[in-house]
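Line order of the protein sequences matches chains A and B. Counting from 1, one number per residue, gives the positions in the first sequence under the numbering used here. Counting from 1, one number per residue, gives the positions in the second sequence under the numbering used here.
It should be emphasised that the hints constitute simulated quantities derived from the structure, not laboratory data. Take every hint as true, because none was put in to throw you off.
Stretches of chain A that chain B covers, calculated by requiring three or more beta carbons in the stretch to come under 8 Å of a beta carbon on chain B:
| no. | region |
| --- | --- |
| 1 | 11 to 21 |
| 2 | 72 to 78 |
| 3 | 104 to 116 |
Each computed DMTMM-like pair below joins lysine to aspartate or glutamate, with the alpha-carbon atoms no more than 25 Å apart:
| no. | chain 1 | residue 1 | chain 2 | residue 2 |
| --- | --- | --- | --- | --- |
| 4 | B | Lys138 | A | Glu111 |
| 5 | B | Lys264 | A | Glu59 |
| 6 | B | Lys290 | A | Glu68 |
| 7 | B | Lys257 | A | Glu68 |
| 8 | B | Lys186 | A | Asp64 |
| 9 | B | Lys283 | A | Asp64 |
| 10 | A | Lys89 | B | Glu261 |
| 11 | A | Lys107 | B | Glu122 |
| 12 | B | Lys190 | A | Asp64 |
| 13 | B | Lys342 | B | Asp369 |
| 14 | A | Lys95 | B | Asp189 |
| 15 | A | Lys88 | B | Glu261 |
| 16 | B | Lys138 | A | Glu68 |
| 17 | B | Lys138 | A | Asp76 |
| 18 | B | Lys432 | A | Asp108 |
| 19 | B | Lys6 | A | Asp8 |
| 20 | B | Lys138 | A | Glu39 |
| 21 | A | Lys54 | B | Glu261 |
| 22 | B | Lys432 | A | Glu39 |
| 23 | B | Lys190 | A | Asp56 |
| 24 | A | Lys95 | B | Glu261 |
| 25 | B | Lys171 | B | Glu150 |
| 26 | B | Lys265 | A | Glu91 |
| 27 | B | Lys257 | A | Asp64 |
| 28 | A | Lys107 | B | Asp125 |
| 29 | B | Lys432 | A | Glu111 |
| 30 | B | Lys121 | A | Glu111 |
| 31 | B | Lys186 | A | Glu68 |
| 32 | A | Lys54 | B | Asp272 |
Don't be surprised by glycine CBs; every beta carbon is placed ideally from N, CA and C.
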Amino acid sequence: MKKYEYFDHTADVGIFAYGKDTAELFRNAALATTGQMVEIKGVKPKVERKISLKSDNLEGLLFDFLGELIYLKDADNLLFSKYGISVKKVEKGYKLSGTLKGDRINKDAMELLNDVKAVTMHMFKVEKTKGGYKATIILDI
Amino acid sequence: MTETKKPEMKKISDYIWEISPEYKKGMNVPARIYASKKLLDGMDAGVFEQVTNVACLPGIQKYAYCMPDGHWGYGFPIGGVAAFDVDEGVISPGGIGFDVNCGMRLLTTNLTFKDVKPKLKEAVDSLFRQVPAGVGCKGFLKATKAQFREISEVGSKWCVENGYGWEGDLKRIEEHGCIKQADFSKVSDKAISRGIEQLGTLGSGNHYLEIQIASSSNIFDAEAAKTMGIDTPDQVVVMVHCGSRGFGHQIGTDYLKVFSEIMKKYNIHVGDAELACAPFQSKEGQDYYKAMACAANMAFANRQVILHRIREVFSKVFGKSAEELEMNLVYDVAHNIAKVEKHKIDGKMKDVVMHRKGATRSFGPDYGDLPPEYKKIGQPVILGGSMETGSYLLVGTNKAMEETFGSTAHGSGRTMSRTQAKREFRGDALQKEMECRGIYVRATSMAGLAEEAGAAYKNISDVVDTIDKAGISHKVVGFTPIGNVKG
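Could you put together the complete structure from these sequences and hints?
Take a look at the structure:
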C-alpha cells in the first residue's frame with residue numbers, strides 16, 4: 001500500500017494519505033505534510049515531544065494533529081520524522097497520544113522546502129476504504 | 001476539481017462574464033468574472049465552483065466576483081471579492097486566507113540600472129542575509145510579549161515610533177498601516193508563540209523581495225508615474241511580497257475551527273467546509289474580526305521592518321543615506337483581508353464587510369484614506385508578477401468603486417500546480433538561466449524556486465490589460481526584475 005501521494009492543486013498542495021488503520025493513516029498524513037517542509041531523510045530523531053489530542057471525530061483529530069506539526073515548526077523550531085502515536089476511540093470521540101521524534105530546524109543539516117502555512121478544510125476528508133483508511137488534505141503553501 | 005463542467009456564462013462586456021443564480025441552489029446573487037475571453041477560457045473549473053459557493057453566503061451584496069488572475073483556491077477562489085451587509089452578513093476566514101494581509105509594498109530609489117548593475121550581486125546577497133526567508137526563519141526584531149501586543153494593535157506606527165521607518169511612510173499604507181478594531185485579547189497563545197519571532201521575515205512559497213527597473217518603454221502614464229516618484233529612465237525600485245507569517249496562519253486556523261463548530265447554531269450551511277463563517281455581528285464573528293485585525297497589523301509591521309532593512313542594505317551597499325537615495329515608500333496594499341468599508345449600493349452609501357482574497361483594493365481619486373498627493377490620481381495598486389516576467393504599478397478608479405466595491409486583481413495568478421512545476425523545472429538550472437538573462441536570484445530552496453518558475457503563472461500583461469480595459473484599474477508603470485530574494 002502506498003503511504004501517501006500528492007495531487008495537483010493550482011496554488012497549494014493536495015495529499016491523499018493511506019493507512020491500514022487510523023494510526024498508520026495519521027502517520028502517513030504527517031509524513032506527507034512534513035515532506036512538504038523538509039526532506040524527511042535529513043531529520044534525525046534527536047528531540048522527543050509528547051503529544052495528546054482529543055476530538056469529537058476522526059477528521060477533527062487529523063486536522064488538529066497536522067495543525068500541531070505546523071505549529072511546532074514555528075513555535076518551537078521543530079520538525080519530526082518519527083511519529084510514535086496511537087489513535088483510539090474513546091467515549092466522546094477519538095484520542096491521539098504518543099511521542100514525536102525529530103530535530104530543531106537547521107538549514108545546514110536539512111534540506112528545507114516550503115513553509116506550510118496551514119491545513120485547509122477545503123475537500124478535507126477521512127474515509128473508510130476496502131483496505132483501511134484514506135485521507136484527502138489540501139495544505140496552504 | 002478540473003473535471004467539473006464550466007457553467008454557462010452570459011457576456012456582459014468583453015471583460016465581464018456573469019453566472020446566473022439559477023446555476024446553483026442557494027445562490028443569493030449572480031457571480032461575475034472579470035476576464036478577457038482568453039483568460040476566462042484558461043481558468044480552472046474550481047474558480048466557477050468556488051465563486052458560486054461564495055454567492056450562496058448570507059448577506060452578500062450585488063455579486064460574488066472573481067478577478068482575472070483568479071484560480072482554484074480553498075473557500076473563496078483566489079481573486080475572490082465579496083461584500084456582506086454588516087448586520088445581515090457574515091465574515092469567513094475562507095474569504096481572507098490563512099495569510100492574513102498578505103500584501104505588496106513598493107519603494108523607489110533615485111538610482112538607475114547603470115548605478116546598480118555593478119553592485120547588484122552584493123545588494124541581493126546582502127538582502128538575502130538581512131531579510132530572513134524560508135522554513136523556520138526568525139527575524140532580527142526581538143519583541144517582548146507586551147511589545148508584540150502593541151505591534152498587533154497599532155501596526156506600522158509602532159515600527160516608525162521605534163526607529164524602523166519614516167513618519168511619511170504611514171500615510172502611504174492602506175488604512176495607514178493600522179486596522180483600529182484590533183484586540184489582542186482575541187488572539188490565542190499559540191498564535192503569539194508562532195509569530196512573535198517572525199517580524200522582519202519573508203516566509204516562503206510565492207513570497208519575495210525584488211529589485212526591479214522601470215524602463216522608459218514601460219511607462220504608460222508619465223504624469224501619474226511622476227506623482228508616485230517614478231520619473232527617471234531605468235529607475236530602480238524595490239518590491240516586497242509577504243504577510244502575517246505564522247501569527248496570521250494560526251489565527252485563521254483557530255477561528256476556522258470555531259466557526260465550523262458554531263454554524264449550526266446560526267443555521268448557516270456552506271458548500272465548502274473552508275467557507276465556515278459566522279454572522280459579522282455575532283460574538284464569534286466580532287472576535288475573529290478583532291483577532292484578524294491583529295494579524296493584519298502584524299503584517300503591516302512585518303513589511304515596515306523589512307522596508308527598514310532594505311533601506312539599511314542599500315545605504316551600506318551604495319554609500320549614501322536612505323534619504324539621499326530617496327528610498328520613499330510608494331504604497332503598501334493588502335490582498336488577503338476583510339475590512340468594513342463604505343460603498344454605494346442602490347444609490348445609498350452603506351457599510352459592508354469587504355472580503356478580498358487574492359484581490360487588491362483599487363480606490364479611485366477622492367476615496368478613502370489616500371494622502372493628498374494621490375487624491376488626484378487614485379490609490380496605487382501593486383501587482384506582483386512571477387520572478388521571471390515582471391510586475392506592474394497601476395492606480396484605482398472611480399469605475400472600480402461603482403462596479404467592484406473598489407477591488408481589482410493582485411498578481412499574475414498561477415496556471416500550473418507546484419507539483420507540476422517541479423516536474424517541469426529544476427531550481428538550479430532555472431537560477432543559472434535567469435542569471436544569463438540578467439536576473440540574479442537567491443533562494444532558500446531550489447525546489448521552491450522551481451515551483452515559482454515564470455511558466456507556472458498566467459501572463460501578467462494579459463491580467464493587467466484586462467483590468468485596465470475593464471476600467472477597474474489604470475495601468476501606470478511596468479517593472480522588469482533584475483534581482484530577487486525568494487523565500
